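*Asks:* Residue numbers (our numbering), protein chains in the order written: chain A, 1 to 66; chain B, 1 to 330.
There could be a bad hint or two in this list.
Distance condition first, Cα-Cα at most 20 angstroms in a straight line; then the derived SDA-like pairs of lysine to any residue [unchecked claim]:
id	chain 1	residue 1	chain 2	residue 2
1	B	2	A	51
2	B	258	B	185
3	B	2	A	41
4	B	2	A	13
These are computed hints drawn from the structure, not numbers from a lab.
Values in this document were obtained by computation on a predicted structure and should not be read as measured data.
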Amino acid sequence: MRVLLRNPRRELELAGPLTVTKLLGRLDLNRESVLVVRGDTLVPGDTVLDDDDVVEIRPVISGGSA
Amino acid sequence: MKCTVCRGPAVIDLRRHNANFCAEHFLTFCREQVAKAIRRHDMIAPGERVLVAVSGGKDSLALWDLLLELGYDAEGMTIGLGIGDYSDASSAASQAFADSRGLALRHVDLRDEFGYDIPTAAAVTRRVPCSSCGLSKRHLIDAAALDGGFDVVATGHNLDDEAAVLLGNVLHWQTEYLGRQMPVLPERDGFPRKVKPLVRLGERETAAYCVLRGIDYIVDECPMAAGNRHLRYKEALNSIEAVSPGTKHAFYFEFLDKAADRFQPEAAVAQDGLRPCASCGAPTPTEVCAFCRLVDRVSGAEPVPVELLRAGRGRGRNRARSRGARQATS
Ligand code: SF4
Ligand SMILES: [Zn+2]
Ligand SMILES: [Zn+2]
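Given these sequences and hints, build the entire structure.
*Replies:* Here it is, written out as structure tokens:
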């Protein structure tokens with residue numbers, strides 16, 4: 001599967017099948033801090049991603065304080 | 001994973017609420033949370049005109065959309081901060097949202113109207129950019145609200161923002177800020193009412209709301225925010241939240257219920273003795289208000305490009321005094 005990451009932008013290729021929760025664990029990402037987007041919708045933690053999936057892992061933490 | 005409401009396939013799990021939702025029921029959940037915040041804290045009365053501070057990010061666009069969905073008369077306003085590509089993308093996303101719904105969007109540009117931008121102000125004042133940025137945004141949105149006859153200013157601060165600011169204020173016992181860290185600041189002479197209708201939604205939820213509503217917000221962060229204290233507090237809280245869902249909500253709302261009142265006297269003392277700014281008329285404890293002093297100091301200074309400012313970070317200039325990161329998010 002193709003995984004798009006931001007800040008900095010990069011792409012990873014990982015072998016499926018893999019659940020979203022496992023994918024985040026493998027990348028050492030906190031599930032509170034990201035959304036996993038596939039097409040125009042979201043995929044929850046128990047979704048199994050296959051080799052031909054393309055997902056974006058989108059950070060949701062904004063840093064502005066004012 | 002199934003939607004808690006309809007048993008259809010869920011798109012998001014909210015462990016804090018022990019619930020999963022399909023797209024439709026998640027959007028309903030968001031609207032209900034915002035309606036509840038508005039009602040509980042008497043934020044907006046029926047028929048009042050709301051000015052929404054819009055940045056093009058997920059929170060402010062979700063807020064504007066949610067207020068319209070709930071039937072409020074809400075207009076948007078952006079401020080041109082002059083922070084390189086980020087500001088261009090920010091204006092474009094805000095304008096695209098407004099155009100897609102046929103809404104009017106007010107805009108004030110710092111460089112065009114006041115002769116400075118945020119990177120230059122940060123370099124000249126030798127403070128973190130968020131300091132002059134927050135000051136400029138607060139001042140200009142207040143002024144626009146009063147000029148335009150709006151009853152209330154709404155900002156996109158979410159639960160994560162408020163919990164992180166609270167953590168910072170507690171760690172440093174900023175009692176005056178603690179007394180003002182409310183979801184509503186009532187109107188007073190010269191200040192419009194300020195409300196934060198998203199306080200019951202976390203930022204994962206406001207981002208999810210935008211994705212599911214097809215709102216194209218700017219995902220990339222303001223380059224000035226990288227590594228600041230506020231972000232570190234959010235990360236710390238999210239580490240706790242991951243093992244103990246509901247912590248952020250309890251931290252902030254229990255503070256409002258059980259402790260916020262105790263800090264009111266400090267906040268009141270700090271707000272005593274306000275008078276009109278000699279230059280612009282805004283209420284201020286000094287003869288000339290902080291915004292007019294900032295403009296006086298930085299207007300017309302040699303523009304500093306955002307890249308130059310970032311290169312200078314970490315060498316001491318921006319590290320020490322992050323007052324902006326600690327202030328009440330008002
Ligand atoms: S991160 Fe700081 S400088 Fe950037 S927009 Fe937010 S307050 Fe302004
Ligand atoms: Zn449902
Ligand atoms: Zn003034």
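*Asks:* Name the hints, by number, that the structure is in violation of.
*Replies:* Checked against the structure, the hints that fail are numbers 1 and 4, while the rest are satisfied.
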